[in-house]
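Peer 1: This is what each chain is made of:
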Amino acid sequence: MAEPEEIRLPKLPVIRCTTSGKRQTPQRSIQSLNRLSEGMDAIVEVRGLTKLFNGFRAVEDISFDCRKGEILGLIGPNGAGKTTTLQMLLGLTTPTSGVIRIFGLDMDAKRQEILSRVNFSSSYISLPFSLTVRENLMVFARLYGVAAPKKRIEELLAIFEIGALKNTPVRRLSSGQITRVCLCKALLNAPEVLFLDEPTASLDPDIADKTRKLLKKIKDEQSISILYTSHNMKEMEEMCDRVIFMDKGRVIETGTPEEIKRKYGGADLEDVFLMLARS
Amino acid sequence: MRTSKVARISAYTARHLYLYKRSLPRLMEVFYWPILDLVVWGFVSIYLSRQKGSLPDFITFFLGALILWDILFRSQQGISVSFLEDVWSRNLLNIFVSPLSPAEYITSLLFLSIIKLLLTSAVMVTLAWLLYSFNIFTLGFALIPLVVNLIVMGWSIGIITTAIIMRYGQEAEVLAWGIALLFQPVSAVFYPVEVLPGWVQSIALFVPSAHVFEGMREVVAGGGGVPVSNIIWAASLNCVYITVSIIFFRWNFKAVKRKGLLAKVGE
Numbered sequence: 001m002a003e004p005e006e007i008r009l010p011k012l013p014v015i016r017c018t019t020s021g022k023r024q025t026p027q028r029s030i031q032s033l034n035r036l037s038e039g040m041d042a043i044v045e046v047r048g049l050t051k052l053f054n055g056f057r058a059v060e061d062i063s064f065d066c067r068k069g070e071i072l073g074l075i076g077p078n079g080a081g082k083t084t085t086l087q088m089l090l091g092l093t094t095p096t097s098g099v100i101r102i103f104g105l106d107m108d109a110k111r112q113e114i115l116s117r118v119n120f121s122s123s124y125i126s127l128p129f130s131l132t133v134r135e136n137l138m139v140f141a142r143l144y145g146v147a148a149p150k151k152r153i154e155e156l157l158a159i160f161e162i163g164a165l166k167n168t169p170v171r172r173l174s175s176g177q178i179t180r181v182c183l184c185k186a187l188l189n190a191p192e193v194l195f196l197d198e199p200t201a202s203l204d205p206d207i208a209d210k211t212r213k214l215l216k217k218i219k220d221e222q223s224i225s226i227l228y229t230s231h232n233m234k235e236m237e238e239m240c241d242r243v244i245f246m247d248k249g250r251v252i253e254t255g256t257p258e259e260i261k262r263k264y265g266g267a268d269l270e271d272v273f274l275m276l277a278r279s
Numbered sequence: 001m002r003t004s005k006v007a008r009i010s011a012y013t014a015r016h017l018y019l020y021k022r023s024l025p026r027l028m029e030v031f032y033w034p035i036l037d038l039v040v041w042g043f044v045s046i047y048l049s050r051q052k053g054s055l056p057d058f059i060t061f062f063l064g065a066l067i068l069w070d071i072l073f074r075s076q077q078g079i080s081v082s083f084l085e086d087v088w089s090r091n092l093l094n095i096f097v098s099p100l101s102p103a104e105y106i107t108s109l110l111f112l113s114i115i116k117l118l119l120t121s122a123v124m125v126t127l128a129w130l131l132y133s134f135n136i137f138t139l140g141f142a143l144i145p146l147v148v149n150l151i152v153m154g155w156s157i158g159i160i161t162t163a164i165i166m167r168y169g170q171e172a173e174v175l176a177w178g179i180a181l182l183f184q185p186v187s188a189v190f191y192p193v194e195v196l197p198g199w200v201q202s203i204a205l206f207v208p209s210a211h212v213f214e215g216m217r218e219v220v221a222g223g224g225g226v227p228v229s230n231i232i233w234a235a236s237l238n239c240v241y242i243t244v245s246i247i248f249f250r251w252n253f254k255a256v257k258r259k260g261l262l263a264k265v266g267e
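Each protein sequence line maps, in turn, to chains A and B.
Residue numbers are given in my numbering: position 257 of the first sequence equals residue 257, and the series is strictly consecutive.
Residue numbers are given in my numbering: position 55 of the second sequence equals residue 55, and the series is strictly consecutive.
Chain A with its partners taken away, still in its complex shape (with noise of 0.2 Å):
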């Protein structure tokens, strides 16, 4: 597995997209950039960014950076604009305004190359499930040009010790298990940028323990970068290097879980998550 490169930001101009359809060259957004990736590893870099759904501000000129190597937390409330922002990261939803580069590069123009380098994903997507575990990861292989797949799935199922169930069905697997191999399919390209939407709500405590320490093991080693959400403020806590609160849309706080909890005199990032929503 090749380590990834490094990163070093190119100082090209950044297309902007405007509710009108039409793009403007965001001056301050692209200086402010350029100004921030200096000296820094950002893999992931948000400004400005904003969504809105008929009116209806779904997030509201956010900024912020995932640097390699780093997990950074999303959280917030029901409605905050984790998984609006999550989309516009994954290009499957269209941002009103604002820039998104990933290693350097606009999403809205290198979207396909973004994607080839990196993954995603959650407990609330399955996999088809006529196909057996193997089929599934083998065709996933194939969509992001694995090399030696085989050798790649055996190792991942090994990894998340599913490997009894390469020839399952998926209909036949547990929620659990399904969860499993879709972290499978998210590593099999080696992403240096992974994102993960609750990739622990279907899994027993057993079970999600063994994937926190693994994901954060494959972090340490391989240095890729993970843009984490999860209501689960324990996880969180053990999980992420930085958190970002989201509320309405908007980023309202940002540091590691050690800094918030100062901040606010919590006792855990639970508390504080009550504090903030409730304030």
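Any given hint might turn out to be false.
[To be verified] Listed below are the simulated DSBU-like cross-link pairs for lysine-lysine, each with C-alpha atoms no more than 30 Å apart in a straight line:
{"id": "1", "chain 1": "A", "residue 1": "K248", "chain 2": "B", "residue 2": "K257"}
{"id": "2", "chain 1": "A", "residue 1": "K68", "chain 2": "B", "residue 2": "K257"}
{"id": "3", "chain 1": "B", "residue 1": "K257", "chain 2": "A", "residue 2": "K110"}
{"id": "4", "chain 1": "A", "residue 1": "K110", "chain 2": "B", "residue 2": "K259"}
Simulated from the structure, these hints should not be mistaken for laboratory data.
Given the structure of chain A, go ahead and fit chain B onto it with the hints provided.
Peer 2: This is chain B only, laid out in the frame that chain A set:
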């Protein structure tokens, strides 16, 4: 880790071929309805052809039309039902966050449609020959452009159907089965265009399949030859249909992304 267009297209095509290998209900869908249609309408054709004053070559007219109509219907379903497979299995997001582009996605669906079509047609043609001694190849070389036109029209309808389901979600999935049938009355599948009311004939003029079925009847009645005029009409209209369907899909895909509907299509 980069992959070629061809590799991505074949990977996604393989996803569906695995499905047909594994799923008996899906495999039955390819054969069950066409065979049932053929058996029922085959016996109806035999019965009617035995009546006094019936049309000459009644079986050829009827079974030929049935097989050709099924080609259009299956090529449309090869696209829209394959798309629905990913909606049903909550796999659509996995596909659209992969490096597979929308154009490659549609190309894979076109390939799939051809594969399904070849399977279905092979079974129908063989059964028609075994059960009713009907050989569709008596239509000669004219069969090739007629079939190609029906496939392209089926693709156009399939692409538009897929775009609509993407936009309006599973509520619109009934279109995957119903929308091609909307074209059946004006396609004049089992009767000549001249039996249609005048205003419907005007509509039929702009439906490629109507020209295909007119062409088929011309070949059967004339005992061979290529119905050039009908084929040119159908091909010209199909150029417009397929172009419009691709433009509609692209426009709709942008709208779906703008409205954030891609993640919700399976809900």
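Peer 1: Given the hinted pair K248 of chain A and K257 of chain B, is their Cα-Cα distance within 30 Å?
Peer 2: holds, 21 Å
Peer 1: Is the hinted pair K110 of chain A and K259 of chain B satisfied, with a Cα-Cα distance of at most 30 Å?
Peer 2: Holds - the C-alpha atoms of K259 of chain B and K110 of chain A are around 21 Å apart, at most 30 Å.
Peer 1: Straight-line Cα separation of K257 of chain B and K110 of chain A no greater than 30 Å?
Peer 2: holds, 16 Å
Peer 1: Sort out whether K257 of chain B lies within 30 Å of K68 of chain A, counting only the CA atoms.
Peer 2: holds, 28 Å
Every hint from the earlier list agrees with this structure, and none is contradicted.
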